[in-house]
Every structure is written in structure tokens, then in C-alpha cells.
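Chemist: Sequence:
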Amino acid sequence: MSDGNFNRALLPSTPIASGIKMGRQQMKAKALIVFKDLIKEKFPTLTDKELQDIIKSFSSRL
Numbered sequence: 003m004s005d006g007n008f009n010r011a012l013l014p015s016t017p018i019a020s021g022i023k024m025g026r027q028q029m030k031a032k033a034l035i036v037f038k039d040l041i042k043e044k045f046p047t048l049t050d051k052e053l054q055d056i057i058k059s060f061s062s063r064l
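Residue numbers for the sequence shown follow this note's numbering, so the first one is 3 and each next one is one higher.
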């Protein structure tokens, strides 16, 4: 009985799946940049520590 990795190695590659993953990562990076700019614009009195905490929380929820 073979393991699942051996069987997957025999399948053709799927560039579509890797392209989708890359697109998601790019959109996540863009969302973080825009979110950071928006928070700075709307709440200029936030300290750097508070800003980083908000961005970290937002990033974990994406």
C-alpha cells in the first residue's frame, strides 16, 4: 500500500492552483497597505504601537 504523497507525485502539476494562491497573497498584501494608509488618515492621533496592534489584528483576520 503506497502513501498519498507518492500518488500525488504521479499527477500532473496544477499551475492554476498556485496562481490562485499567489493572487490571494498579492491581494492580502495590497489590503494591508491600503488598510494601514486608511487608519493613518482617519485616526492621525494613534501611536505607532496602537497602529501596529490594529494592523496585526486585521492581518490575522484576513
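Just so you know, these hints were derived from the structure itself, not from any lab. Ideal Cβ placement from N, Cα and C applies to all residues, glycine included. Misleading hints may appear alongside valid ones.
Claimed, not checked - Across the chosen pairs, the derived CB separations fall in these ranges: (1) Gln54 - Leu12: 42 to 52 Å; (2) Asp55 - Lys30: 24 to 34 Å; (3) Thr16 - Asp39: 10 to 20 Å; (4) Ile18 - Ser61: 19 to 29 Å; (5) Asp50 - Pro14: 40 to 50 Å; (6) Pro17 - Phe37: 43 to 53 Å.
Chemist: State for each hint whether it applies.
Modeler: We went through each hint and held it up to the structure:
| no. | hint | verdict |
| --- | --- | --- |
| 1 | Gln54 - Leu12: 42 to 52 Å | 46 Å, holds |
| 2 | Asp55 - Lys30: 24 to 34 Å | 19 Å, violated |
| 3 | Thr16 - Asp39: 10 to 20 Å | 35 Å, violated |
| 4 | Ile18 - Ser61: 19 to 29 Å | 26 Å, holds |
| 5 | Asp50 - Pro14: 40 to 50 Å | 49 Å, holds |
| 6 | Pro17 - Phe37: 43 to 53 Å | 30 Å, violated |
When held up to the earlier numbered hints, the structure conflicts with 2, 3, 6 and fits the remainder.
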